[in-house]
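Residue numbers (UniProt numbering), protein chains in the order written: chain A, 1 to 403; chain B, 1 to 262.
Bear in mind the hints are in silico, worked out from the structure with no lab data behind them.
Fair warning: there could be bad hints in the mix.
[Said to hold, decoys possible] As a list, the in silico DSS-like pairs of lysine-lysine whose alpha-carbon atoms are at most 30 Å apart:
id, chain 1, residue 1, chain 2, residue 2
1, B, K112, A, K284
2, A, K59, A, K109
3, A, K284, B, K58
4, B, K10, B, K217
Small disclaimer: the values here were computed from a predicted structure and weren't measured.
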Amino acid sequence: MNNRSNSLRTGPDERGHFGQFGGRYVAETLMPLILDLEREYRAAQADNEFRAEFEHLLKHYVGRPSPLWLAERLTEELGGAKIYLKREDLNHTGAHKINNCIGQILLAKRMGKTKIIAETGAGQHGVATATVAALFGLPCTIFMGAVDVARQQPNVFRMKLLGAEVVAVESGARTLKDAMNEALRHWVANVHDTFYIIGTVAGPHPYPELVRDFQSVIGEEARAQILEAEGRLPDMLIAPVGGGSNAIGLFHPFLDDEGVEIVGVEAAGEGLDGKHAASLAGGKPGILHGNKTYLLQDEDGQITEAHSISAGLDYPGIGPEHSWLHDIGRVRYEPVTDAEALASFQKLTKLEGIIPALESAHAIAAAERIAPTLGKDKIIIVNCSGRGDKDIFTVAEALGVKL
Amino acid sequence: MTRFESAFTKGPALVAFITAGDGDTAANLDALVAGGADVIELGMPFTDPMADGPAIQKANLRSLAKGTTTADIFAQAAAFRQRHPDTPLVLMGYANPMTVRGSEWFAAECAKAGVDGVICVDIPSEEDAELGPALRAAGVDLIRLATPTTDAARLPDVLNGAGGFLYYVSVAGITGLQQAAQTSIEDAVTRLKAATDLPVAVGFGVRTPEQAAAIAKVADGVVVGSAFVDIIAEHGEQAAPHLEAFTRTLADAIHGAKEIAA
Ligand SMILES: Cc1ncc(COP(=O)(O)O)c(C=O)c1O
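Please model the entire structure based on the sequences and the hints provided.
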């Protein structure tokens, strides 16, 4: 690439920082392993065989490339910009999470690690991790907050069917951040043989970088697909942001394309003045889970509870690269509430015959808000990061329907 | 001579940890000193104590549930310094509560309260800029952790900028659970002492006077935490006399180990 210094795609720096964000804020016990992982990742990046195996699995196991679907009925209904959906919901296991899990389990194999651990909120990353662990025949332990275990029973059962052990985490608030704490605790005590597959672009360097790289297949495909369909780049990208892995995966290949506006959607829960999970809109920079990033916290730096109807967005932080993209203004982050997401969940289902994940429904809601303000000659790509089968119980309850 | 220097030159030291705001903190601290603790580590509670086992996790949550604030902790530290002018006091905790108002603010508050040193669990030497320069400028020691995974190549970086004493975390794990084999502790302490003039204190998993005495034969200090925290969990606001009695058994074992060794 010429003009590297002007590129927004070169981060992080060699110490894992995106501007002031990112880094490696971990206990000394983990530090040597983190450095090992970085060395191994650099070697893997330079290894054509690694790349080839990754691509083979994405194609034949995950089912990539995922389609780019022109949502004509939704476009017509909104009366503005043309809306394309990047169909990550059609991947094996039903979301983008599997892309990253394939990449990380190949790294685990390279490093000679024989046990796999992961954290999960909704259970999507847990299911994806249990899936690749089954495929590679490695024992797998998934840490999941006890509250989430109770509200995501189908995914708990899926993970168990796949052969994983699911540990219900009883500490703290017993949700995703506590699951991550517990996974880190387990890892510290088992660094010699255990690989931690982190589910989003968070955690200590090099995780935010390597998860982004594995997920960038989303944006690379979307770029080629839109060029083929429309002969030009889109005017806007929209994706939901929990930790931010599906979003950065779509965004990253477009960061240097100035004409492409980029919108990340944070979960505003009950609204920004109530309980929510919008770390950029309602938080400030701090240090948690190995990196510096925007966090929901009080004035003493105690982490506050996130809330979203979507368990996959219910996290009080956000990946460090998003914090940086927010601060430099390259990506605009907008809040969407539980109620808006719920309405869009139903609208997309009825208009397109696609049941989106509640996470993805947040991005659809933002598109509904923005598309009518743009001309019909404009093009938006929305990341449909997952399918909503896992959410039907939550949605039924929210709509007052007994199943 | 700094407070740390005098505490460690007397012979092997008992370094005692409790969580601030868990139980009657002032009475508990006085009990530790009365029982013979040489160095006090006061834990700053955090919502997400990633390096701690169940005992200290619960202590953190008990303290936060009572509404403990950072201001309360500095007030407890300053009052301790008034009552105990000679006992070194260390604040131990996690990066976010320490840096949320800026590292200069935190370092200045430490200096003002008479805090001698700070241990931050999740700031390794790679991220020293986050807290180290501000503490050193304020004359507060940054106490670093070495672990079984800290290899010879990393050790110089870990020691660079370190002060007070070196805390050897004797097990790869979290607080309060396993204990390390005595031989592995001896090997590690020998290796560390060859690399630094700082006193070396050994902790994680130490619960009994016997273990403490064995470690005190080779190390400059023994850190005990979860065993104290368990006593507070059991006795609540009335823990002080129990803490003092237990501290005395540990202190006697540790201080006696030196005489036998000498
Ligand atoms: C379908 C789907 N989309 C989005 C997310 C949010 O994660 P991230 O922001 O890392 O993409 C999740 C997390 O579980 C998910 O399952």
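Problem set entry | Violated hints - listed by number, lowest first | none
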